[in-house]
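Respectively, the protein sequence lines represent chains L and X.
Under this note's numbering, think of the first position of the first sequence as 1, with each following residue one higher.
Under this note's numbering, think of the first position of the second sequence as 1001, with each following residue one higher.
Be aware that one or more of the hints could be misleading.
Calculated cross-link-like contacts (lysine to aspartate or glutamate; reagent style EDC-like; alpha-carbon spacing at most 20 Å) [what the hints assert, rightly or not]:
1) L:Lys81 / X:Glu1441
2) X:Lys1539 / L:Glu184
3) L:Lys30 / X:Glu1024
4) L:Lys116 / X:Asp1329
5) X:Lys1438 / L:Glu78
6) L:Lys81 / X:Asp1525
7) L:Lys116 / X:Asp1450
8) X:Lys1539 / L:Glu482
9) L:Lys81 / X:Asp1530
10) L:Lys30 / X:Asp1119
11) L:Lys30 / X:Asp1030
12) L:Lys206 / X:Asp1513
13) L:Lys81 / X:Glu1437
14) L:Lys81 / X:Glu1451
15) X:Lys1539 / L:Glu510
16) X:Lys1120 / L:Glu123
17) X:Lys1120 / L:Glu7
18) X:Lys1438 / L:Asp72
19) X:Lys1545 / L:Glu510
20) L:Lys116 / X:Glu1451
21) L:Lys141 / X:Glu1586
22) X:Lys1539 / L:Glu479
23) X:Lys1120 / L:Asp32
24) X:Lys1539 / L:Glu509
25) X:Lys1539 / L:Asp514
26) X:Lys1120 / L:Asp126
27) X:Lys1027 / L:Asp32
28) L:Lys141 / X:Glu1585
29) X:Lys1545 / L:Glu509
30) X:Lys1354 / X:Glu1385
31) L:Lys206 / X:Asp1253
Source of the hints: derived by calculation from the structure; they are not laboratory data.
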Amino acid sequence: MTDDNFEPNIIAFTCTWCGYPSANLAGVNKIDYPANVKIIRVMCSGSVDPAVVMQALERGADGIIIIGCLIDNCHYVEGNKNAEERADRLKRLLNVLGLDSKRIRTEWINASERVKFANAMREFVDEIRELGPAPHIPAPKRKELTSEEIKKEISRIIEDTGAFDCVECGKCTSVCPVARFDTEFAPRTIVLRSMEGITDNLANDKDIWTCSTCEMCNSMCPYKVNYSGFIQGLRGTAMQLSNSPVCSQGGLIQSAIRIMAGADLKQNRLDWVTEDLEIAEKGDVFYFVGCLPHFDAIFADREYLELTRTAQSAVKLMNAAGIKPAVSNEERCCGHDLVWSGDEENFLKLMDKNLELVKNSGAKKVVFTCPECIRTFEMDYKDFAEDIDFEIVHISDLLVQLIDEGKLSLPSMADEIIATYHDSCRLGRHMGIYDSPRSLIESAGMKLVEMENTREKSACCGVSAWLSCNSAAMRMQLERLEEAKKTGAEVMLTFCPKCRIHLSCAANEELPFDRERVNIITKDLTVALAELLEGK
Amino acid sequence: MADNTDNDSAKSSIGLYLCRCNGEISKYIDLDRIADNLKSIENVKVVGIHDALCSREGQTFLKEEKEKHGFERAVIGACSPNIQGIIVGKALEEKGLNKYLFEQVNIREQCAWVHPDIDKATAKALALINGGLRRVLTLEPMEDVEISILPSALVIGGGVTGMQAALDIAAAGFKVYLLERTEELGGRAYKLSMTFPTHNCGICCMQYCKECVFTPKIEDVLQDEKIEVMLNSEIESIEGGFGNRHITVKAPDGPREFDVGTIIVATGSKTFDPSDLPELNYSSPDVITTVELEQLIVKQREKGGSIERPSDGKVPKTINFIQCVGSRDRAKGNLHCSLVCCTYAIGQARELVKLIPDATVYIHYIDLRGPYRGFEEFYDAAKQEGVQFVRGRISKIYSTGGKLFVRAEDTDAGALLEIESDLVVLSVGQEPAQGSEKIVEMLHLQTDIDEFIKDINPMFPPEFRRGIYAAGCAQGPKGIRYSIDDAKSAASEVIRLMRDGTVKMPRITAKADEFRCRGCGRCVDVCQFDAITLIEDGKGGQIAKVDEVRCEGCGTCTVACCNKAMTIIGYAIPQVIANVMGLVEEAGQ
Chain L
1 MTDDNFEPNI IAFTCTWCGY PSANLAGVNK IDYPANVKII RVMCSGSVDP
51 AVVMQALERG ADGIIIIGCL IDNCHYVEGN KNAEERADRL KRLLNVLGLD
101 SKRIRTEWIN ASERVKFANA MREFVDEIRE LGPAPHIPAP KRKELTSEEI
151 KKEISRIIED TGAFDCVECG KCTSVCPVAR FDTEFAPRTI VLRSMEGITD
201 NLANDKDIWT CSTCEMCNSM CPYKVNYSGF IQGLRGTAMQ LSNSPVCSQG
251 GLIQSAIRIM AGADLKQNRL DWVTEDLEIA EKGDVFYFVG CLPHFDAIFA
301 DREYLELTRT AQSAVKLMNA AGIKPAVSNE ERCCGHDLVW SGDEENFLKL
351 MDKNLELVKN SGAKKVVFTC PECIRTFEMD YKDFAEDIDF EIVHISDLLV
401 QLIDEGKLSL PSMADEIIAT YHDSCRLGRH MGIYDSPRSL IESAGMKLVE
451 MENTREKSAC CGVSAWLSCN SAAMRMQLER LEEAKKTGAE VMLTFCPKCR
501 IHLSCAANEE LPFDRERVNI ITKDLTVALA ELLEGK
Chain X
1001 MADNTDNDSA KSSIGLYLCR CNGEISKYID LDRIADNLKS IENVKVVGIH
1051 DALCSREGQT FLKEEKEKHG FERAVIGACS PNIQGIIVGK ALEEKGLNKY
1101 LFEQVNIREQ CAWVHPDIDK ATAKALALIN GGLRRVLTLE PMEDVEISIL
1151 PSALVIGGGV TGMQAALDIA AAGFKVYLLE RTEELGGRAY KLSMTFPTHN
1201 CGICCMQYCK ECVFTPKIED VLQDEKIEVM LNSEIESIEG GFGNRHITVK
1251 APDGPREFDV GTIIVATGSK TFDPSDLPEL NYSSPDVITT VELEQLIVKQ
1301 REKGGSIERP SDGKVPKTIN FIQCVGSRDR AKGNLHCSLV CCTYAIGQAR
1351 ELVKLIPDAT VYIHYIDLRG PYRGFEEFYD AAKQEGVQFV RGRISKIYST
1401 GGKLFVRAED TDAGALLEIE SDLVVLSVGQ EPAQGSEKIV EMLHLQTDID
1451 EFIKDINPMF PPEFRRGIYA AGCAQGPKGI RYSIDDAKSA ASEVIRLMRD
1501 GTVKMPRITA KADEFRCRGC GRCVDVCQFD AITLIEDGKG GQIAKVDEVR
1551 CEGCGTCTVA CCNKAMTIIG YAIPQVIANV MGLVEEAGQ
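With the sequences and hints as input, model every part of the structure.
Right under this line is the structure:
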């Protein structure tokens, strides 16, 4: 990493009231510091979005320093404290990613402290020079498409997904959970507009990003149009036309994933592996964990999530059945969120890395807990790659099989718990896995009560791929929670980490009605089963 | 993800101007090289270089350029926008350029002046300007926010500063609420036995002498119909924003509520407590502070006779004044100089020499600081009258065998001194008044390292103070005369705001996107200014609404917002990222 000529590119975000004036004062006093530092003025250190910091690191900055007023002296009262807390969370994420967390620094400098400013800059530049360059991920390439080519591309998508068969019956719109709350949105009209071949539309169409790709429409379409596939295709083409989504979390997560796609990283994604867990480096069974460690860092302020417990629980359950799964620190994001936000280029890089990894592990079987990861392997990887010769299994199917074979037995519960099960769209409608989760709940001795909308008709958690999580999503989430609450269950079990993130987030927010209506715990089914095993 | 503004901006043209700053910039940065590199960038319609864009010639040049080339956006590479930016942009604004489509890039304070290597400075300046070009394309034209100012003022603190401010505002015809925490007006100045430079009592600064019992200055305040004095009163809460704040006061006869357009904070200062420094031996009865000596002098004036020391009533014959107690040493109190103590101690020393003709009075000082007209004469008179000035710090004050000693250094003579002393007077420095931190919190004011209220950079337009002015010792140690000046200047700003009735503020405020907002309330939780409320969205849910008068544009809410419905105008994520990209990419050719 150490290149003698390496000169780091440093971005300093300075607040208007102290950081920026302290730099000016250093200037007035001609106190020199390295020219590597380039200053951007923001109103307050508390307004520096982690998404901006991450994207700066992704696209060419080697270090980011955020400079605000002295703690307890913030012009905006607590902006710098907020900045500190957000930087800490971001450092956790950088650590998981394998980017040194030293690349982000916060400094609190009074407007008059010119020397302190210059010293902080010198020190930071030296430190980053020592660290070497951050991985610079080039912006996704845009093909210059002529309008003829775009038309051809759209026709291909229409052909491939059977959208050609659309008879405009509107069944899709009538069952669409987004359209129910967002009256501007109608799946039918997107198909219609594309059929008319208006390419201008695609360059400006924001509706293609509104779809939650839950496949409610697919399952209801009388002509079996693959609507979600159609949307996935359109999104990829739209990105070529500079039509990109505004992402929740400001695109922080997509940026982290692009870094995983494009860079050589010394990741730290196995911190969840505790001593009691038996894992292997290679073996017949590979457990693909997914981005749980990343989400734990990003959502560190939502301590109720504890997403990596899912991974621990999965290994415990497999261990109990005598399986010592291989897990890898080299794993990358499956690419789900990129392919669903139109970034095929980086998605393919991730796919190649993951397939290579599985191949090298010698695994014959890859086990998943995350419904998105398994969907991506089973459907998207198989679309793009040919030589997938390993078995793709969801933990629920595996556990049912192990129980059937007598290799695993779950102790029966002392007090019967009433539980309901939320089918996530990826595991349910996309993968068709409905029965195994239910069978597991019953073999665990829990009483399963079903929600009004269940199995193929299961309601959506509101968001996919960190695209818009707006008021329509909020309503979907609250309605789902209400449904769960109405069953009389004590807990809503699910397999999808994102459904948990979205539903529990809504349940903890400020609500315009009595919280009791939606007050139900959302719990990961893998975790619930492992707890049972441990007699908790 | 970030580049979704590219399409809209393709039509927009930019005028790029670089300022040599009469050599201050061009000495360190090769501006021609930058102009060459950037002139062929898409959207850059024209590149110009000028000697001094802020000068009259420079402003005329910009106006002519705007007329000739008709660009819609402008980037100027010059000095810091915090200092001259308002002036530099003015010429373009006059010629119809929307000031929100203007970006001034700081290549002087943050580039030319800090990087002596011309190649490095030029490369950095190129990147900075490129960032400005990328950013300016993402900006949208805006109008300022117009804010109305209620024609009434609140003055917090009834000391010399507060009273003067109240009188001035009332004289201009506006209603004033004057709030005082204690039971009487006058503050600390009122209690002084004598003040600089006339050597009369404190009230003389308020025109007359203390002997008059009812000071006319206080009387003026009490009798002014426009001033409502509230004694024994404290502020309970302050709600609202610039121009219209609702005040609730806890007064002896129950709460009192009213609305004001402007506020002057004149909470004053208190003196340093020397008991924290054991080497000063303050627990000894004959080690007293200047404030306590004041009481001895007052007592003498009332009762006649001579000054008596506290322990045994003896008339002290050797008196040592110790300067800078609690000042000018961070480890021993505060780093700041309290400004008034030198003058004040000399005044007291002169009084003692006069009252006790056979006494020896020493003043131990580090530097004598009296940056006031008449100080040198005052100091000279003290020397003539026999006050001994010893330059150097004291290391300790100790009692032994019933006697008090001062161990001091005389740096002029190069000698260590042990002086037996009948009385030691500690010249205690000034610190922010007790309770001022509560006001600071309620008004969201910023304090400096020394905890005094920080003044906003005076280069900023006065509106940035949002109708709140700190004056007098609340802002830092000051003499009476300067506190009065301060009060008058704060009052004149406040009067100007209230006379205008409205003020225009830059539209750097939060904005909620109705489509993206989910009404979760995270923004409400982090907002320190109560600027965001959740309102019904008409569909059974909630949506965030920003009060743009209360919003101060900090942007903490934008980070808290998961779905990025909340943005600060001019600082939305794509706008900041455009700037970042401009800094990290290879600019131009």
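(message) Check whether the Cα positions of Lys30 (chain L) and Asp1119 (chain X) lie no farther apart than 20 Å.
(response) 17 Å, holds
(message) Next pair to validate is Lys81 (chain L) with Asp1530 (chain X); report whether the Cα-Cα distance is within 20 Å.
(response) Roughly 18 Å between the alpha carbons, so the hint for Lys81 (chain L) and Asp1530 (chain X) holds.
(request) Verify the proposed pairing of Lys1354 (chain X) with Glu1385 (chain X), using a straight-line Cα cut of 20 Å. (result) 8 Å, holds
(request) Decide if the proposed pair is consistent with the structure: Lys81 (chain L) and Glu1451 (chain X), CA atoms, cutoff 20 Å inclusive. (result) Satisfied, since the Cα-Cα distance of roughly 18 Å is no more than 20 Å.
(request) Decide if the proposed pair is consistent with the structure: Lys206 (chain L) and Asp1513 (chain X), CA atoms, cutoff 20 Å inclusive. (result) 14 Å, holds
(message) Checking one constraint from the list: CA of Lys1545 (chain X) to CA of Glu510 (chain L), max 20 Å. Satisfied?
(response) 15 Å, holds
(message) For Lys81 (chain L) and Glu1437 (chain X), compute the direct alpha-carbon distance and say whether it is at most 20 Å.
(response) 18 Å, holds
(message) Against the 20 Å threshold, does the CA-CA distance of Lys1438 (chain X) and Glu78 (chain L) hold or violate the hint?
(response) Given pair Lys1438 (chain X), Glu78 (chain L) holds - Cα atoms ~15 Å apart, limit 20 Å.
(request) With a cut-off of 20 Å on the C-alpha distance, tell me whether Lys1120 (chain X) and Asp32 (chain L) pass. (result) 12 Å, holds
(message) Given the hinted pair Lys1027 (chain X) and Asp32 (chain L), is their Cα-Cα distance within 20 Å?
(response) 15 Å, holds
(message) Does Asp1253 (chain X) sit within 20 Å of Lys206 (chain L), going by the straight-line distance between their CA atoms?
(response) With Cα atoms ~61 Å apart, Lys206 (chain L) and Asp1253 (chain X) exceed 20 Å; violated.
(request) Given the hint that Lys141 (chain L) pairs with Glu1586 (chain X), test it: the Cα-Cα distance must not exceed 20 Å. (result) 17 Å, holds
The structure fails to meet hint 31 from the earlier list, while all remaining hints are met.
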